[in-house]
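With these hints in hand, go ahead and build the complete structure from the sequences.
My numbering puts the sequence shown at residues 1 to 90.
Think of the hints as simulated: they come from the structure by calculation, not from any bench. Cβ atoms here follow ideal geometry from the backbone N, Cα and C, with glycine treated the same way. Only true hints are included.
DMTMM-like mimics (lysine to aspartate or glutamate), calculated; alpha carbons at most 25 Å apart, straight line:
{"id": "1", "residue 1": "35", "residue 2": "20"}
{"id": "2", "residue 1": "71", "residue 2": "2"}
{"id": "3", "residue 1": "4", "residue 2": "59"}
{"id": "4", "residue 1": "21", "residue 2": "88"}
{"id": "5", "residue 1": "71", "residue 2": "17"}
{"id": "6", "residue 1": "4", "residue 2": "68"}
{"id": "7", "residue 1": "32", "residue 2": "20"}
{"id": "8", "residue 1": "72", "residue 2": "59"}
{"id": "9", "residue 1": "72", "residue 2": "17"}
Pairwise CB distance ranges, derived in the manner of DEER restraints:
{"id": "10", "residue 1": "89", "residue 2": "22", "range": "20 to 30 Å"}
{"id": "11", "residue 1": "69", "residue 2": "34", "range": "46 to 56 Å"}
{"id": "12", "residue 1": "59", "residue 2": "35", "range": "33 to 43 Å"}
{"id": "13", "residue 1": "61", "residue 2": "34", "range": "37 to 47 Å"}
{"id": "14", "residue 1": "19", "residue 2": "78", "range": "13 to 23 Å"}
{"id": "15", "residue 1": "6", "residue 2": "88", "range": "33 to 43 Å"}
{"id": "16", "residue 1": "57", "residue 2": "17", "range": "14 to 24 Å"}
{"id": "17", "residue 1": "69", "residue 2": "41", "range": "33 to 43 Å"}
{"id": "18", "residue 1": "20", "residue 2": "62", "range": "17 to 27 Å"}
{"id": "19", "residue 1": "36", "residue 2": "70", "range": "35 to 45 Å"}
{"id": "20", "residue 1": "3", "residue 2": "48", "range": "19 to 29 Å"}
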Amino acid sequence: MDWKLLATTFGTLFVAELGDKTQLACMLMTAKTQKPWTVLLGSSLALVLVSFLGVMFAEFICNYIPTDLIKKIAAVSFVVMGCLIFFDKI
Numbered sequence: 001m002d003w004k005l006l007a008t009t010f011g012t013l014f015v016a017e018l019g020d021k022t023q024l025a026c027m028l029m030t031a032k033t034q035k036p037w038t039v040l041l042g043s044s045l046a047l048v049l050v051s052f053l054g055v056m057f058a059e060f061i062c063n064y065i066p067t068d069l070i071k072k073i074a075a076v077s078f079v080v081m082g083c084l085i086f087f088d089k090i
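Okay, structure coming up:
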């Protein structure tokens, strides 16, 4: 196991998810239902499934499209989305 990659992935996703809409949704569901363990289990399963789908899609798509091109497409997409949000188009 690549422990450095594991730690980097954990740290990156942990910081990215703090205060994000998923965390806020979990807080609201827990406050509304008063069932924190059920919300924790449901949200954990959902995040694991979403991560699994992302990793499997990436593994599949990287077999057909060079990684450098994927990085460039992702970078341009983020810039476009940022501009659209900045100019209140979304």
